[in-house]
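Throughout the sequence shown, residue numbering follows the working numbering, covering 10 to 218 in sequence.
What the hints contain is simulated information worked out from the structure, not anything from laboratory work.
One or more hints might be untrue.
[To be verified] Cβ-Cβ distance ranges computed for the label pairs, FRET-style:
1. Ala-50 with Trp-84: 17 to 23 Å
2. Ala-177 with Gly-80: 39 to 45 Å
3. Ala-155 with Leu-73: 26 to 32 Å
4. Trp-84 with Leu-156: 24 to 30 Å
5. Ile-193 with Ile-30: 39 to 45 Å
6. Leu-56 with Leu-156: 31 to 37 Å
7. Arg-178 with Ile-30: 25 to 31 Å
8. Arg-72 with Ala-41: 20 to 26 Å
9. Pro-100 with Gly-80: 25 to 31 Å
10. Leu-143 with Val-44: 18 to 24 Å
11. Ala-136 with Ala-177: 45 to 51 Å
12. Val-150 with Val-44: 18 to 24 Å
13. Val-145 with Ala-88: 24 to 30 Å
14. Asn-146 with Trp-52: 38 to 44 Å
Just so you know, even glycine gets a beta-carbon here, dropped at the ideal spot from N, CA and C.
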Amino acid sequence: MNPHAGVLGIHEPGDGWLFRIPVGIKYLLLLALVVPVLAFASWPVTLGALLVVLLFHRTSGIRLSRALRLGWMMWSILAVLALFHLVTLAPEAAFVRPGNLLVAILAARMLTLTTGAPELLDALVWALRPLRFLGVNPDQVALAVALMIRSIPYLLGSVDDARMAARARGLERNPALLLTPVIIGAVAYAERSGEALMARGIGERTLAD
Numbered sequence: 010m011n012p013h014a015g016v017l018g019i020h021e022p023g024d025g026w027l028f029r030i031p032v033g034i035k036y037l038l039l040l041a042l043v044v045p046v047l048a049f050a051s052w053p054v055t056l057g058a059l060l061v062v063l064l065f066h067r068t069s070g071i072r073l074s075r076a077l078r079l080g081w082m083m084w085s086i087l088a089v090l091a092l093f094h095l096v097t098l099a100p101e102a103a104f105v106r107p108g109n110l111l112v113a114i115l116a117a118r119m120l121t122l123t124t125g126a127p128e129l130l131d132a133l134v135w136a137l138r139p140l141r142f143l144g145v146n147p148d149q150v151a152l153a154v155a156l157m158i159r160s161i162p163y164l165l166g167s168v169d170d171a172r173m174a175a176r177a178r179g180l181e182r183n184p185a186l187l188l189t190p191v192i193i194g195a196v197a198y199a200e201r202s203g204e205a206l207m208a209r210g211i212g213e214r215t216l217a218d
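Build out the structure end to end from the sequences listed, making use of the hints.
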């Protein structure tokens, strides 16, 4: 099993309050957590949102160790982002920027840990139906989200594989040896996904639309 398969959270049945409420309310909670931190970009709002989203996880029976299990790569990105702002003498941004990203990730995991993927996608399709008159195809949007959720663990795993292969040859400091196989693998994965969709006639229907 890909160790990054749970980067967005793998749903397991539970009896906490987040497991019991309708999926539409969960989406509204996500927006209520993420929109303010992006709109205000201040450390009190970010800190408050972090505490609230962690409280939501904990009071729903989700251990904080599980809620915060984001993988070394995501934590590295957050650390580098904080370090960059510290070096550029922006201490508040060093907390706010990675903090806002962490709020968004934890809010998303709040959904994926407590709700099955089919239910999440069905709710997304239902919510997007009023936008059909603008040319939005809800089914295509849901399909794109499903492909993204499936692709992220694969891409993170390919980075790990490339890093271990380069380290085994003593060449882990060479960026080309890390990026080249990752890019080639990503392109091949995209081609296989496209062929699978075309084999099911999905691509043909999209072009016809």
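Tested hints:
no.: 1; hint: Ala-50 with Trp-84: 17 to 23 Å; verdict: 22 Å, holds
no.: 2; hint: Ala-177 with Gly-80: 39 to 45 Å; verdict: 21 Å, violated
no.: 3; hint: Ala-155 with Leu-73: 26 to 32 Å; verdict: 28 Å, holds
no.: 4; hint: Trp-84 with Leu-156: 24 to 30 Å; verdict: 25 Å, holds
no.: 5; hint: Ile-193 with Ile-30: 39 to 45 Å; verdict: 44 Å, holds
no.: 6; hint: Leu-56 with Leu-156: 31 to 37 Å; verdict: 34 Å, holds
no.: 7; hint: Arg-178 with Ile-30: 25 to 31 Å; verdict: 51 Å, violated
no.: 8; hint: Arg-72 with Ala-41: 20 to 26 Å; verdict: 23 Å, holds
no.: 9; hint: Pro-100 with Gly-80: 25 to 31 Å; verdict: 26 Å, holds
no.: 10; hint: Leu-143 with Val-44: 18 to 24 Å; verdict: 21 Å, holds
no.: 11; hint: Ala-136 with Ala-177: 45 to 51 Å; verdict: 47 Å, holds
no.: 12; hint: Val-150 with Val-44: 18 to 24 Å; verdict: 20 Å, holds
no.: 13; hint: Val-145 with Ala-88: 24 to 30 Å; verdict: 37 Å, violated
no.: 14; hint: Asn-146 with Trp-52: 38 to 44 Å; verdict: 40 Å, holds
Of the numbered hints stated above, those contradicted by the structure are hints 2, 7 and 13, listed in ascending order.
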